[in-house]
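Visitor: Protein chains in written order, with numbering that gives the first Met the number 0: chain A, 0 to 296; chain B, 0 to 303.
These are computed hints drawn from the structure, not numbers from a lab.
Ideal placement from N, C-alpha and C gives every residue a C-beta, glycine not left out.
A few of these clues could be false.
Said to hold, decoys possible - Using C-beta positions, here's what the derived DEER-type ranges look like:
1. B:R298 <-> A:L127: 21 to 31 Å
2. A:M81 <-> B:A63: 44 to 54 Å
3. B:A39 <-> A:E241: 26 to 36 Å
Each chain is listed here by its residues.
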Amino acid sequence: MAVTEIVPAPAPKIERVETSWSRLRYYAAAHPLGMIGAAIMVVFVFAAIFANFISPYDPIATSAATTLKPPGAAHWLGTDAMGRDILSRIIYGARISLAVGLGSTALGCVVGVALGLTSGYLGGWVDLVIQRVVDVLQAMPLLVLALVMAAALGPALNNTILAIAIPLIPYSARVIRSNTLALREQPFVEAARAVGMSEFRIAIRHVLPNTVAPLIVIATAQLGAAILTEASLSFLGLGVPEPHPSWGRMLSESAAEYVRTAPWLVIFPGIAISLAVFGTNLFGDALRDILDPRLRD
Amino acid sequence: MLLTLFGISVLVFVMLRLVPGNIADILFDAAGMIDTADKAKLEHDLGLDKPIVVQYGEWINGLAHGDLGYSYVSEKPAIDEILPRIPITAKLAGLALAFSVIFGVPLGVISAVKQNTVLDYFLRVISLSGLSMPAFWLGLLILMACVAWFGFIPIYTDPPKGFWDALWLFSVPAAAVGFRSSALVMRLTRSAMLEVLRQDYIRTARAKGASDRTVNYRHALRNALLPVVTVIGIEAAFLMGGLIVTETVFNIPGIARFLVEAIRWRDYPIVQNLVMFIAAVAVLINFLIDLLYAVLDPRIRYAG
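Starting from the given sequences, assemble the full structure and let the hints guide the process.
Guide: Here it is, written out as structure tokens:
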């Protein structure tokens with residue numbers, strides 16, 4: 000009896016092919032709210048990228064002829080005290096919000112991951128020192144620290160990003176550290192060590208990739224917080240300076256005195272902030288459910 | 000705890016000295032002329048020309064003796080500027096916290112018990128929008144609504160007369176601040192409740208015939224409240240962020256608005272002492288929460 004006679008049965012044709020697209024559709028169906036959040040974020044990203052094509056007017060040019068016009072056919076969302084079109088300013092404001100939001104989240108997370116990974120992986124006195132620093136940063140309310148930072152660094156776009164990024168560091172550092180502590184005891188780390196891999200490479204190649212899921216969860220949560228903090232800083236006059244149109248500063252220019260006379264100046268920029276943050280929050284919730292099943296309700 | 004406070008003091012002190020331009024620069028800029036000799040004299044009078052380490056030492060030494068230095072702007076002792084403002088912010092924070100517990104906990108329980116119903120979705124969207132709205136915008140909207148419907152602005156002008164006047168005056172801004180915290184408390188209560196409702200002892204309670212009401216409130220809520228207490232504690236410290244903008248919107252002369260003004264004026268003695276005070280309160284609250292946690296959860300006491 001020759002072995003060759005054993006013919007393997009043809010593999011049954013798999014109906015559902017697991018492509019990334021079908022998985023995306025599956026997640027979208029399972030998390031309708033997350034889908035809405037993603038859609039909102041796409042709209043804002045689109046507005047930010049194509050601001051110069053879609054905004055009807057120049058967001059900075061002032062015009063004495065069109066001051067404080069209520070919403071109408073020419074200016075859909077009205078104009079401010081300097082005759083600038085609110086809709087255009089909101090569209091351009093998306094750039095600032097996203098730039099500050101993404102920039103400070105990314106910066107905060109990169110530093111946080113570096114600190115958390117070092118701290119968790121090395122342990123010992125390095126861990127102790129880093130944890131004390133993280134404690135100090137975390138003991139202060141986010142906005143208070145961001146305010147002092149913003150004042151210390153001076154008004155500029157980059158400085159605003161930095162001022163918000165630093166208070167965000169402890170959160171990712173904490174999460175990455177605790178994940179690293181658990182991962183470092185895993186058999187695959189021991190295996191890597193057994194084949195002679197250097198500690199640095201183990202940390203980067205084996206431990207770090209396994210912390211990506213919680214990192215994404217915390218980064219999306221921070222994106223919303225960063226956008227809100229930028230709005231608050233700019234509202235208080237310590238955020239992004241002129242001539243950048245920032246949603247927060249649009250509200251401070253228009254604050255109490257226009258509450259009575261020109262409500263559109265108050266309503267629309269606020270809606271823009273809330274909607275953008277709402278979108279990231281919805282999306283972040285869905286991501287957390289998908290990536291971190293332990294937290295699933 | 001002390002180490003953290005020490006770290007904060009160094010951080011704040013060093014950061015404030017990094018600021019390009021001190022009060023002398025601002026005052027002389029405003030006057031429109033710069034007389035270098037006058038400016039140097041002012042800097043000398045304020046002690047700004049000494050080495051930074053010496054300035055830090057003087058500050059901490061004063062702090063230990065209850066001497067917080069003098070405000071550069073008003074030239075009054077910093078402690079006299081800060082102390083009268085604390086009760087105002089404390090009242091506001093207390094009301095906001097009460098608001099967040101009164102609304103957040105029950106709504107969170109309802110949302111968890113009615114999981115995946117229309118009501119649950121509705122409450123979740125409301126709470127998420129609460130987390131998405133900037134506190135100052137909510138404050139402005141409330142102002143607008145008051146103007147439109149009642150024809151007046153509930154802005155702080157005179158110190159309130161009597162308890163009810165104060166309650167009325169503070170409750171509007173407190174609601175603006177508390178909305179966010181109540182949203183947070185609600186979300187957390189909901190997820191904590193859902194976590195607990197999955198436990199075996201809840202099934203046991205149901206199996207022995209306890210009513211839904213008993214199971215939900217006597218068995219589940221009691222255990223679910225533990226993490227909620229922690230978050231309320233953290234929120235209490237972090238309410239400050241919402242208070243800063245809300246006090247600005249409603250023109251309330253508390254420490255949060257004062258901090259922003261002092262930062263604008265580079266009034267170091269005020270800023271550094273205020274930030275220290277805020278940080279000390281935050282650290283103290285965290286410490287108390289840890290203690291409370293041990294009281295509420297016997298498992299922690301026995302393990303410790």
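Visitor: Work down the list of hints and note, for each, if the structure agrees.
Guide: Each hint, compared with the structure:
For R298 of chain B and L127 of chain A, the hinted distance range of 21 to 31 Å is satisfied, since their beta carbons lie about 27 Å from each other. Under the hint 44 to 54 Å, the C-beta atoms of M81 of chain A and A63 of chain B, about 51 Å apart, fit the expected range. For the hinted restraint 26 to 36 Å between A39 of chain B and E241 of chain A, the CB-CB distance of approximately 32 Å keeps it satisfied.
The earlier numbered hints are all upheld by this structure, with none contradicted.
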